[in-house]
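For chain A, the structure is supplied; the task is to place chain B with the ligands on it using the hints.
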Amino acid sequence: MIEADSLTKSFGATKALAGVSFSVPAGSILGMLGPNGAGKTTAVRILTTLAIPDDGQAKVAGHDVVAEAAAVRRSIGVTAQDATIDEALTGRQNLVMVGELSGLKRKAAKSRAAELLTRFDLLEAADRVTKGYSGGMRRRLDLAASLVTRPSVLFLDEPTTGLDPTSRLLMWQVIRGLVSEGTTILLTTQYLEEADELADRIVVIDHGTVIAEGTAAELKRQIGGARLSVTLAEPHPRAVAALTGLVDGDVQVSQDGRRLQAAVRSTSGLGTTVVRALDANGVVVDDVEVRPPSLDDVFFSLTGHGALDLEGETCDLQVLEGVS
Amino acid sequence: MLTTTTLAPPSPALTRSGALARLHDVVVLVRRNLIHIAREPLQLSDVTVQPVLFTLLFVYVFGSGVPIHDGSYKDFAIAGLMLLNLTTSAMGTAVGLISDITTGAIDRFCTLPMWRSAVLVGRSLADLLSSALCIAIVAVTGLAIGWRPDASAGSILAGFAIALLFSYALSWACAALGVVSKGPESAQGVGLIILFPLAIVSNAMVPTAGMPGWLQVIANWNPVSSVTAAVRHLFGNPNPSATISAWPMQHPVLAAVAWSALILAVFAPLAAHLFRQKTTG
Ligand SMILES: Nc1ncnc2c1ncn2[C@@H]1O[C@H](COP(=O)(O)OP(=O)(O)OP(=O)(O)O)[C@@H](O)[C@H]1O
Ligand SMILES: [Mg+2]
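So the sequence lines, in the order shown, correspond to chains A and B. Mapping of the first sequence onto this note's numbering: position 257 corresponds to residue 257, and the numbering continues sequentially without gaps. Mapping of the second sequence onto this note's numbering: position 11 corresponds to residue 11, and the numbering continues sequentially without gaps.
Just chain A, same shape as in the assembly:
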């Protein structure tokens, strides 16, 4: 349903996309995962006919995004990263306008708008100017606007960024509902949990290239092993050295010096070994956990930095190599 083939796009010296290929089969949902500036929005803009690739081709619903842009626009719905709702209009006026500009008669556009306002729990606020809407309401209205024409292909660019947990769950529920109705979806996100939760397949992009592709399970298997995290009663200078021999690669230490993380090969009795080694060095342990890798770990091992380098909690983890 969506096929991207070696898409490239530069803005001046910035290579936003350096040859990105992927495909999304009909009725499935692809999660495009990447940190800030990875090129997600650029890819979405090309696929939704808002930008023209420097090189490469893409087809959406069987139509070329450049040569047959008009046909593509008839098949797609788009929820852009930055809400595109019209602040001077009411919620209802927004939806009616989108319907009319999509070719619906005014009457049909009105009844479709009413249907969507109900579905997205916006009926109460429907006749208020959207300038006063909360972030969650804007996001919902934006998504509603992209569904006016019942598109068979839907692009959602970070649909849950900035939403509170409740709104995020509601959004997930809606997205699942759309997939179950047969809609093909390309969803970009910075949240690994979200991709894990919703996507049939995941592409991980960074610096404009696809660095991994597969189902969540496949990606996790790809890095193998498990994660060890240890919480100390208080920071200790010999803690890292005590662990170095027991883990694969580097030990990451949190800024307060109390949390240590590392990749490990999961072996029987590992927890006991870790605690003994630390104890032998006089380190007091509060908590030890050995768990299967999360997509966060996958991302870290693929890119060398956390998905949320700038805002997430991985930012206070420093990589210390063989410090003693």
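Be a bit skeptical, because a hint or two may be false.
[Said to hold, decoys possible] Derived CB-CB ranges, DEER-like: (1) B:G18 to A:D164: 45 to 55 Å; (2) B:G18 to A:G27: 30 to 40 Å; (3) B:L262 to A:G27: 49 to 59 Å.
Derived by calculation from the structure, the hints in this document are not laboratory data. Bear in mind the structure is a predicted one, so any value in this text is a computation, not a measurement. No residue lacks a Cβ here, since even glycine has one placed at the ideal position from N, Cα and C.
Chain B with the ligands only, in chain A's frame:
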């Protein structure tokens, strides 16, 4: 809670083409832009409060100091005030367009199966309607303080029409400016720098005869002067420019139409081209 309804099969009537569909898109966007004008205090005051204020200020402040030979300043000034207001409020087109581009409204439009140029046409027509409101308010204010046209109804209507034609042409020039500007503020700033001198260095508010020689030449060839002179002529109001030998002042109606046509011919395609470029990055 979100209710889950099953989707009906894809709606028909989504394949559209032809002039009728384009007209439909334009009408939808005109309506949308009129809502914007009505809800944005600054834009609304440009075409409602400002015309009244300017009319009163100019007539009562300047009126005493500017002698008009064949009539009163009031009768001289109303046509000029129409052009002054139309010219300075043309900025609204530039500001509105770049706001739509920067806020993402255009991105929404551009993913819809609509006629893209309807964005420009719809804006220019909505601005034309607000221009009509603007000069109607100048006229009503003028009538209230004693301005009287002295011509046939047809001629007076032609006067209004020629002012609006120019204003429409100018809005396409401002559309081009809006598309290339960095943001609403810069559009406003640049627009002011261009439009204010355009409106003032003209015969709109004072006869050009008192200006220094070189400035007179500019003022007499300024499109705003041609249009103002044409409107005065058609309203049957005092028109001191009629004695000036510069070609546009001798043939103000022809010059006004020619200027408007020229501006439209240059800037409508240019604005459309720049807009297309901007929206397919
Ligand atoms: N219009 C533009 N002009 C200049 N540079 C741009 C433009 N659009 C994107 N870029 C650059 O291209 C790169 C990719 O940007 P893009 O918006 O596609 O990333 P993203 O993955 O969507 O990031 P985010 O998670 O922050 O939304 C960035 O370095 C960005 O600065
Ligand atoms: Mg983005």
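We went through each hint and held it up to the structure:
1. B:G18 to A:D164: 45 to 55 Å: holds, 46 Å
2. B:G18 to A:G27: 30 to 40 Å: holds, 34 Å
3. B:L262 to A:G27: 49 to 59 Å: holds, 56 Å
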